[in-house]
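Read top to bottom, the protein sequences are chains U and P. The first sequence maps to residues 1 to 398 in the UniProt record's numbering. The second sequence maps to residues 1 to 398 in the UniProt record's numbering.
Derived by calculation from the structure, the hints in this document are not laboratory data. A hint or two may mislead.
Same chains, same label: a pair holds when it works inside one copy or across any pair of copies.
[Claimed, not checked] For lysine-lysine, the following DSSO-like pairs were computed, each having C-alpha atoms within a straight-line distance of at most 30 Å: (1) Lys18 x Lys258; (2) Lys204 x Lys189; (3) Lys293 x Lys189; (4) Lys189 x Lys133; (5) Lys313 x Lys18; (6) Lys345 x Lys117; (7) Lys345 x Lys313; (8) Lys204 x Lys328; (9) Lys18 x Lys189.
2 protein chains.
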Amino acid sequence: METKENGEDEQQVVNPWKVDAKDGGKIDYDKLIDQFGCQRLDQSLVNRVHRLTSRPPHVFLRRGVFFAHRDFNEILDAYEKGEKFYLYTGRGPSSEALHLGHLIPFMFTKYLQDAFKVPLVIQLTDDEKCMWKNLAVEESQRLARENAKDIIACGFDITRTFIFSDFDYVGGAFYKNMVKVGKCVTYNKVVGIFGFTGEDHIGKVSFPPVQAVPSFPSSFPHLFSGQDNLRCLIPCAIDQDPYFRMTRDVAPRIGYHKPALIEASFFPALQGETGKMSASDPNSAIYVTDSAKDIGSKINKFAFSGGRDSIEKHRELGANLEVDIPIKYLRFFLEDDSELDYIEKEYGAGRMLTGEVKQRLIQVLTEIVERHCRARAAVTDEMVDAFMAVRPLPNMFN
Amino acid sequence: METKENGEDEQQVVNPWKVDAKDGGKIDYDKLIDQFGCQRLDQSLVNRVHRLTSRPPHVFLRRGVFFAHRDFNEILDAYEKGEKFYLYTGRGPSSEALHLGHLIPFMFTKYLQDAFKVPLVIQLTDDEKCMWKNLAVEESQRLARENAKDIIACGFDITRTFIFSDFDYVGGAFYKNMVKVGKCVTYNKVVGIFGFTGEDHIGKVSFPPVQAVPSFPSSFPHLFSGQDNLRCLIPCAIDQDPYFRMTRDVAPRIGYHKPALIEASFFPALQGETGKMSASDPNSAIYVTDSAKDIGSKINKFAFSGGRDSIEKHRELGANLEVDIPIKYLRFFLEDDSELDYIEKEYGAGRMLTGEVKQRLIQVLTEIVERHCRARAAVTDEMVDAFMAVRPLPNMFN
Numbered sequence: 001m002e003t004k005e006n007g008e009d010e011q012q013v014v015n016p017w018k019v020d021a022k023d024g025g026k027i028d029y030d031k032l033i034d035q036f037g038c039q040r041l042d043q044s045l046v047n048r049v050h051r052l053t054s055r056p057p058h059v060f061l062r063r064g065v066f067f068a069h070r071d072f073n074e075i076l077d078a079y080e081k082g083e084k085f086y087l088y089t090g091r092g093p094s095s096e097a098l099h100l101g102h103l104i105p106f107m108f109t110k111y112l113q114d115a116f117k118v119p120l121v122i123q124l125t126d127d128e129k130c131m132w133k134n135l136a137v138e139e140s141q142r143l144a145r146e147n148a149k150d151i152i153a154c155g156f157d158i159t160r161t162f163i164f165s166d167f168d169y170v171g172g173a174f175y176k177n178m179v180k181v182g183k184c185v186t187y188n189k190v191v192g193i194f195g196f197t198g199e200d201h202i203g204k205v206s207f208p209p210v211q212a213v214p215s216f217p218s219s220f221p222h223l224f225s226g227q228d229n230l231r232c233l234i235p236c237a238i239d240q241d242p243y244f245r246m247t248r249d250v251a252p253r254i255g256y257h258k259p260a261l262i263e264a265s266f267f268p269a270l271q272g273e274t275g276k277m278s279a280s281d282p283n284s285a286i287y288v289t290d291s292a293k294d295i296g297s298k299i300n301k302f303a304f305s306g307g308r309d310s311i312e313k314h315r316e317l318g319a320n321l322e323v324d325i326p327i328k329y330l331r332f333f334l335e336d337d338s339e340l341d342y343i344e345k346e347y348g349a350g351r352m353l354t355g356e357v358k359q360r361l362i363q364v365l366t367e368i369v370e371r372h373c374r375a376r377a378a379v380t381d382e383m384v385d386a387f388m389a390v391r392p393l394p395n396m397f398n
Numbered sequence: 001m002e003t004k005e006n007g008e009d010e011q012q013v014v015n016p017w018k019v020d021a022k023d024g025g026k027i028d029y030d031k032l033i034d035q036f037g038c039q040r041l042d043q044s045l046v047n048r049v050h051r052l053t054s055r056p057p058h059v060f061l062r063r064g065v066f067f068a069h070r071d072f073n074e075i076l077d078a079y080e081k082g083e084k085f086y087l088y089t090g091r092g093p094s095s096e097a098l099h100l101g102h103l104i105p106f107m108f109t110k111y112l113q114d115a116f117k118v119p120l121v122i123q124l125t126d127d128e129k130c131m132w133k134n135l136a137v138e139e140s141q142r143l144a145r146e147n148a149k150d151i152i153a154c155g156f157d158i159t160r161t162f163i164f165s166d167f168d169y170v171g172g173a174f175y176k177n178m179v180k181v182g183k184c185v186t187y188n189k190v191v192g193i194f195g196f197t198g199e200d201h202i203g204k205v206s207f208p209p210v211q212a213v214p215s216f217p218s219s220f221p222h223l224f225s226g227q228d229n230l231r232c233l234i235p236c237a238i239d240q241d242p243y244f245r246m247t248r249d250v251a252p253r254i255g256y257h258k259p260a261l262i263e264a265s266f267f268p269a270l271q272g273e274t275g276k277m278s279a280s281d282p283n284s285a286i287y288v289t290d291s292a293k294d295i296g297s298k299i300n301k302f303a304f305s306g307g308r309d310s311i312e313k314h315r316e317l318g319a320n321l322e323v324d325i326p327i328k329y330l331r332f333f334l335e336d337d338s339e340l341d342y343i344e345k346e347y348g349a350g351r352m353l354t355g356e357v358k359q360r361l362i363q364v365l366t367e368i369v370e371r372h373c374r375a376r377a378a379v380t381d382e383m384v385d386a387f388m389a390v391r392p393l394p395n396m397f398n
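Chain U extracted, bound-state conformation (with noise of 0.2 Å):
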């Protein structure tokens, strides 16, 4: 079957854009990860980052959730010979109320930044979303400041980290640094990376270097001046993938290292695990400003069980874990390995149903997303001011 290096094929597509398993499969992460020729995550890299931080692997490292990487290994080289790095995340702010989909990058991040000590730079691309979703430049910047309290709330560490929108920031070293991509990249390329056609506007052709630069040290002179050499880590969903491996061509040719990146699997749909979840059908995904109530009659109604067609099927085959979405819901938000060990094994035996798995979901689902409502409620326009500010960042590598 010819595979194409934008990821799409007859079984799949996978882009920036678009992440569809045709005929209402599950998304191959092994081809995925062939197609775009990154590796994968395995346990002896998971061991490496427990034994070099001296904390437990954060549960979507240890689970699999984070599957694909290029280059950590060499992050981690540096690290440990003393050298610092700066980690590199962002969003296109699309929509006012995220999911728990959204969150997960968010909650990886901040963990990597609390293990390694390190600063992070968030990239809010106003202007790609203004581009992409044809919104007004107002209501793109004011969905922006929107998001960044919802990623605020994810308890990130203000004097390590720089929150910028690209209508606000993009100029300046940021720009030279756009143009120097730009001359390194023809259009042919992003045809084949992006898969653009010639109907596409050209504000869509000229936007893959503005992703690309915050890979790039100079293109944050307050924070980072003089440090040319500094490496970047980049935590995203392996959907954003295209963005940096042009960005990783380009890299040594203007005179920086390659970003590494760390890459994670689609958070799936309430209906099953065919993609990832989506902004326009709100009964596809729980938000984090669902209630209490809608988190458990969304579960009770729409998360696709595994469970068999009668009680006395279901204690005599088991719940089919492979399709079942409390339990996959589990696997990424239920820290307790010996719970969850406990609750696949009732579950897969017959011996729990699935309306005890989905209670189990429902609790688990109800304190997080209370928790980040709590936490988004605390979060103050002058905090967004403060974490958007250009300064320097005091507590930057200690």
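Once you have looked at the hints, place chain P on chain U.
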């Protein structure tokens, strides 16, 4: 014969990067007006400028150097009703020393600024030259500042003039407008206008919005805040028309007037009128850095003459003024209409010889170049900083 929107056919090619009358012919300006769809600047418009400004029209206007326009009449209509406008011109800083052809738009723009008493923005596209000429960012910026000195030496009024380099100024409202323009123009469209190919890099594809947005007053919030209805007039050589054809397409869709244009023909090379002067052949042009001796020897040695092979034949037939470069140069720079008439008549009748005409031209050009050099020597780095400071313009509309 097929005519293309991008100004290329079997006979000639005219675009921002190439001006070439094939087979050594002349540029056919009438055809260019047809292809590009602009209007001829006729005598009635010149008379109107005379009446409205109460001063004699500039020699470039009354002798047809600026020969084409788009909506210049609407600018004059608005001006007549008491509305103001602003001027926008620019330069791609690709070479250290400017030649006389480079100065023409600036000399004319200074006249327009003085005659209409309006503000002026001058864009130095150091980003463009960094991309097209493959210059380093720093070298492009250095050239931009050097060129700014030559531009300032043309006598612009600092209380009405803002000069900016793209590398310094892109960002904020300017970048937002770039995104708005980019959203309105498909890749196919820029291919039609500029002739880009798939092997061109995306930096080039991204650039047209950068040259477009100074046409919109909101790109300069420190100058034109709250004046989104302000009209813009762009004096430029006609090879820049493609950028502004695109800009005029987009303008009404994002809430602005279409910029008006007033467009110049090309200053011919010393060797003959087959294109514009070339920075890559120093003997094709008179540079503002040339000494009196350089000017004398270049004119005597290289200026293509319409005089006849022998004195006898010259006295009999007269000079062929249609191909004579000294006469063409005098038409640009000898301000005295009656003296020019006299020389044309005597030379055309064979009573004046090429050597005499060249001597007069050498005088005229030496005076212009020496005046320019004195003015440029007086331009300090502090003055460049002052012209390029992001600031209100105190006498903008006085």
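The hints, checked one at a time:
1. Lys18 x Lys258: Classified as within: same-chain Cα gap 25 Å, cross-chain 37 Å, threshold 30 Å.
2. Lys204 x Lys189: both (14 Å within a copy, 14 Å between copies)
3. Lys293 x Lys189: neither (49 Å within a copy, 51 Å between copies)
4. Lys189 x Lys133: both (24 Å within a copy, 21 Å between copies)
5. Lys313 x Lys18: Neither: 38 Å inside a chain and 78 Å across chains, both beyond 30 Å.
6. Lys345 x Lys117: Neither: 37 Å inside a chain and 84 Å across chains, both beyond 30 Å.
7. Lys345 x Lys313: Within one copy, since 17 Å is at most 30 Å while 111 Å is not.
8. Lys204 x Lys328: neither (35 Å within a copy, 46 Å between copies)
9. Lys18 x Lys189: both (19 Å within a copy, 25 Å between copies)
Checked against the numbered hints above, the structure breaks hints 3, 5, 6, 8 and satisfies the rest.
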